[in-house]
Every structure is written in structure tokens, then in C-alpha cells.
Amino acid sequence: MIKLIGQRAIASIFSLLVLMVLVFFLSRLTGDPAVLFLPIDATEQMKEEFRRLHGLDRPVLEQFWFYLQDLAYLDFGESLRKARPALEVVLEAYAWTLPLALITMALVMVAAIVLGSLAAFKTGGFFDRLVSIISLIGASAPDFWIAIVAIVIFSIGLGWLPTSGVGTPVHWILPVAVLFIRPFGLVVQVVRGSMLAALQAPYVKTARAKGVKNLPLIFVHTLRNGMLPVITVMGDQAAALLNGAVIVETIFGFPGIGKLMIDSILQRDFNVVLAAIMVTALAIFIMNVLIDIAYGLLDPRIRY
Amino acid sequence: MQFKAILLGALLASTFSAPVYAQANTDITVVLSEELDLVEPCMATRSNIGRVIMQNISETLTELDVRGDKGLMGRLAESWEDLGDGTWQFKLRQNVKFSDGTDFDANDVKHSFERVFSDQITCESKRYFADTELSFDIVDPHTINIKAEPAQPILPLLMTLVTIVPEETPFEFVRNPVGTGPYVLADWTAGQQIVLERRDDYWGELPAVTKATYVFRSDPAVRAAMVETGEADIAPQITEVEATNPATDFTYPNAETVYLRIDQSIEPMGDIRVRKALNAAIDREAFIGTLLSEGTQFATAIVPPTTLGWNPDLVPPAYDPEQAKAWLAEAEADGVNIKAPIEVIARTENFPHVAEVGEAIVQMLSEVGFNASLRMVEVAEHEQYYSKPYPEGRPAQLIVAQHDNARGDPVFSMYFKYHSQGTQSGLSDPKVDDLIERASAATGEERAALWSELFAYLHDEVVADVLLFHMVGHSRVSERLDFTPTIATNQELQLSQIGFK
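Residue numbers (my numbering), protein chains in the order written: chain G, 189 to 492; chain F, -4 to 496.
You can take every hint at face value.
Rough simulated footprint, nothing fancy, chain G against chain F, three-plus residues with beta-carbon under 8 Å:
#1 30 to 44
#2 106 to 118
#3 182 to 192
#4 214 to 225
#5 365 to 376
Some residues of chain G that are not near chain F, with every Cβ distance over 10 Å (derived):
#6 Leu210
#7 Asp245
#8 Lys310
#9 Ala469
#10 Pro488
These aren't lab readings, by the way, just hints derived from the structure by calculation. We put the beta carbon where it would ideally sit given N, CA and C, even for glycine.
Generate coordinates for the entire structure from the input sequences, incorporating the hints supplied.
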């Protein structure tokens, strides 16, 4: 296990370095932050001063060398826009994105496993239909539309929930619910398919013949075998959420990493872009290791 | 049965968990479209920052009256006088304290300007003094002489742009601004909110609003919904689609002017008949009430009608495609390549329906025989085409741009947009340069007359660009408030102007 983590860490550090070099140089090809930070009629002198203050007047290779030196101390530099350490800005946003992603994925996992298994157990039944409807909505209705409609119904119409914001746990209900739909729609179909196959296995018939009741049959005997593809798909979905949920963040005023990253790219706030990519990549790396560990736990044939 | 019980339970639970928006009657919440990156007084001329701190936390020596017709009024300066030779004397208000308890005096004024001009910090208000050297002579603690070289006839107006900070303020961006204004920054939780609280030791009349919480939502529908549900009291910017409730929604001129910038150095734009044809080809009327809000006005200058020297005699070009075709045919007969490709370049999200407006313009230009196409670009790329140095080897381009000037004087626009040295200028005309220089240096009626002459010359004789519209903005204001948005609402939102019904 430790060997696995070590191997993965080495491979990931290499990927992270390549990613960092690419982002560093490519982002600097895309435009001059001085032009974007300063007003449109700023003088050339103001632009030069801005570049000098932020070291953008130096040759790119020199900038990169200084950047690497700072990075050795985990200093990602300062945000041009916010005049604060870039890492601090990113971690602050990540502190919102991470719980949002975790809560959503936990709910998706529980709901998809329960409903997907029940749907597979009795195809064409109530749960199967329910699952199909939610999957269809998730696959076909855009997030921003669902979000706006949810606000119209639950905030303006019924007055049950706040429109947006993050002040109290109640504020989380709409963002989580909107984010939930799409991954749920997908994962529940995978659970259903996987469980359909698993329920056909001879050992399940044997167990049934021995008088095992339905619920233990599904959730104790069959589920573990049906979980491997589910974990893979869940991993994909979680990675998407760990990158931030731009639409939901935009509509609900949720201060997460997705919108920060988009804004920083548009404003050429290079240090924040790099810090955000590094932190996100690290989170996805940790998640992938956890998934590998989960594989091992679920399937004794997999050994590292 | 069990299912019904669960449903009922969920309903009850959600009813009880409904949020409570209770706050003191004189506390308000303002929902803005974007979060502030900085709460720095010397950046207050940037509209998103100014809306929170201008005249709320930080004050200026003078301010422009946009609600009445008082023109330039004193704020931290009680009076000012032109001593000649480019020197103005400002008498400062006495018994004014900063929120940190220190007294306001002439040293603070001097320091505030030095900070703006310092090369240690990038302050936005510096740009208004680009070619002007200021020197300061403190006569006594409440009298300061400011000398501008070259002489700056609108120096008192320029004082509306520089916020005054205590002399202890360092030459770096601050996160906890100290000012003389009626409010003090009580909380700034990045990503969530900024809270201003009323100071009881403010020098002027105490405003009615005791506390203002600013929150940030990018989506206009959400901002409008927040005022509707009572979560917020003012949404300064919503879109026309949301502005449907006459009781709460206001339409106001937002000081923005939309135009097509013509670069005359590229064929066929150098030919005046082509420029006239561009103007005659566009059916301005067709946009209003369809793609653009009712209330949008035709523009004959790049500054709104409330600006000094705005020329009421100018008439927007008539929509006349036949005449446009005739001009083009005439130009073509003289060897002008009227079939040269023309890129119409617009910036995504520059204003509502910008892409559709761009498409319509391209369509109208094509109908009279131009070879036009639309390119939508993001802000950084737009800037490359809009500002000098322009890209080498570019085709003819029409830049769809929006310019904002609520500051009362054309000087903030004309040099940049029309002087041959101006950063966004597409022409080089000695008479234009001369008029801009003379108007900038003139005062009083002469100044207004020179600006007026310049507007007429640019519009009727040079046909410098395709001026399109003075835009309007929409705000939603809670019915419990007594507040009407004005042309300045884009840049500042003075809490002291908000009352309760």
C-alpha cells in the first residue's frame, strides 16, 4: 500500500511539474496583465511601472527561475488583482469547493447505490422509473436552468430557501441539490447496470434458494461485486466537482475555486491560475490514490 | 403511507428551517455583480470599488452634484480659488476626523496625492493626471495650494477623483481603509461580504442607513430575486429582462456610450464617403426596444448629454441605405477598395445582447455592400485591437466599444479617443488635436464652446466614428427605501443618499 502511494506520488510530482511549466509559459503567451489590471486609458508609463512592480518586465526565463525559487518555499507569489498571496486566495476558495464536492458526492453515492440497486432488483418498478426520470433530467437539463428554476420555485415562489449565498447550512441546500442531479443521473445508471449483471450470478441464486431476504441479498451479498465500475465513474464525477462548479458558483454566489479560476484566467492573474491548478491537481491525485485503495478493499484479487 | 409521512416531515422541516432575514430597519443589503478584489481608496475610480467606498468610507476634496444642478460642490474642501499661474488654493474643512481618530489636515491631502503618484503602488486615479505635474504648498493646516504644470483649469473637478487617506497610510494597497467618510469598514470576508457601519463621529449630517452589507452575485436574475425576496435592498445592476416591476425597478442613463471606433489609417476607412456610408447604413431606431432597452438614446458624441459642452444641435445620422450605397459607389469610382474585408470586433458580455447587436450591425453593413464580418473576442483580445499600438497588418476593423464618462467634463474622454496621440484614437487631424488642447486648457463658457465646436467638427465634418447609443441601466430598489438611481450609480452608491420610507 505504501509502495503504491509512493509510486503514485513520484509519477504525480513529475506530472505536476510538467503541468506547471506548461501553464507558466503558455499563460504568459496569452496577454499582458498590465493592460487588464490598469484602466483602458492608462499611460504607457503606468503600464511599465506595473510590470516592473510585479517583475513582468524581466525575461520570461528569469521570471520562471524566480518563480521556482519561491515555489521551493511553497510561495506561489502574489495575486495581481487582489494584492494577497495567491495560495491564500486559492485555499480560501478551496475551503468552499471541497466540502461542496464531498457533500454532493456522498449524497450521490448513497442515493445512487440505494436507488440503483432497488431499480436493478425490480426492473420496470417504481424505483426503476424514478431513477430513469432523474437520470433523464440530469442528462438533458442544463445546470444553470435547473438552478434558476429552483430559485424561482423554492425561494421566490415558496419562500422556503434563500436564493443564494453561503451564510447558513440552509444556504447549501439549493447548490448541493442542483449539483447532485447530473452525477446522480449517471452513477445511478452505472449502479443499476452493474447490479443487474451481479444479480444474475449463480451465487446470488444459491443465496436466494437458501432463503436470504431481499435487502440483505442486494446490499450485503451482491453490492460489493457491483461496485468496481461504480467507483471508477464516481471518481470521474468527483474530479469534475473538485475542479469547481462554475455555473453553480456563479448563480448561487458560492465563493469556490471554479469561478476564481475563470476570473483569474480572464484577468491573466498568472500566480492564482498556477496555484489553483496545482491545488486542484493535488486534490485529484489524493482522490485517485483513495480510489485505488478502495479497489483493493472491494476486490481481494487486486493487490498492490 | 410511510412515503406520505416522509414527505410531510420534509415539508414541515423545510418550513421551520426557512431562513430569517431579520435585520435592523435601518440596515441594508446591497447586491453587486462582482466581488471587489481590493478595498483600496486610491482605486475608488474603478467602478466596482468606487460603488462601495467612494464618499462612504473615503471622501474627496470636491464632488460633482449629479442629483441637482449645483455643479461642483465642496466635500472635504470648503472653498477653492484660482490664484493664477496654475495654482489653486483649497480651504479645507475643519474638525474632520478620520475613522482611526486622527485629525484631517493639509498634510493628509499632500500625502494622498503623493501616494497616488508613487511608483511603489499602482493607483488608478493617477491616469487622470497623466501629463500634469502637481506640487503642494501647505499654507496652514487647513489651507493648501496646489500648483499644476501645465496649468490645469479643471483642477477642482479633478479633485473629485482622488480620495483622501491619512498621512500614515503606507505606499502599498491597504486592506483596512481609513477615511473621513460617514462609514467604516467593519468586515470583509473574501468571497462573501463586505460590511460598512455608520460612524457616529462623522463631521457631516449622519446618514439614515446604519449598516450596509454588500454581497456579490454574478447572475442578474439572482440579484433581482434577492431584492424581491427581501434578502437584499438594492441591486444596482439588473438586466432589462428582470426589470419588470414598476414599483421597484428603475431605468437610468448609465453614462455609457456605445460606438464603433474607426481606424482611418486602413483602407477603405480613410475615405469620408465610406465613413458616412457606415453611419447611414445602420438603422439605429431598430435596436431600441428590441435588442436594447427602451430609454436608450441616440448618441451624437462620445459623452452623455449631461456633460459640459454637449452640443444639442447635432442630429444623429439618418438611416438611408440608398444614400449609403450611392456614397460607396462614388468612392469605388474614385478607386477606393470598398470590398476590402471589414472585421467588426466586439467583446463578449460588454453590454447586454452585444453579440446580437454585432450581428445586426454586420447584417446592415452587408446590405449596403460592405464586406463585413463579426468577431466576438474576450476582454484581453479586445484590448489589443482597441488600444495602441494596433496590431501590424490588420484588416479594416470596426471596434464595438462602450465608453463611460459620468464625470461631467469631456476632458476625460476626448484626448484618449480622438487626439492623434490618444490611446484609442483612430484619427490624426491637426484641427481636432488643436481643439482638444485648447478646450482642455480653457475655463468657463469658452471651455464649453470649444468642446461644443469639437463635437460638431468630429460628428459632421470628420465623421470620426459611428456613434450609436447612450445606454441605460436598470436597478431594483426595495420598496422600503427612498432612493432613485442616477447617472452616477454606475460609479458610486452614496449610502448617505439612501432614505427609508
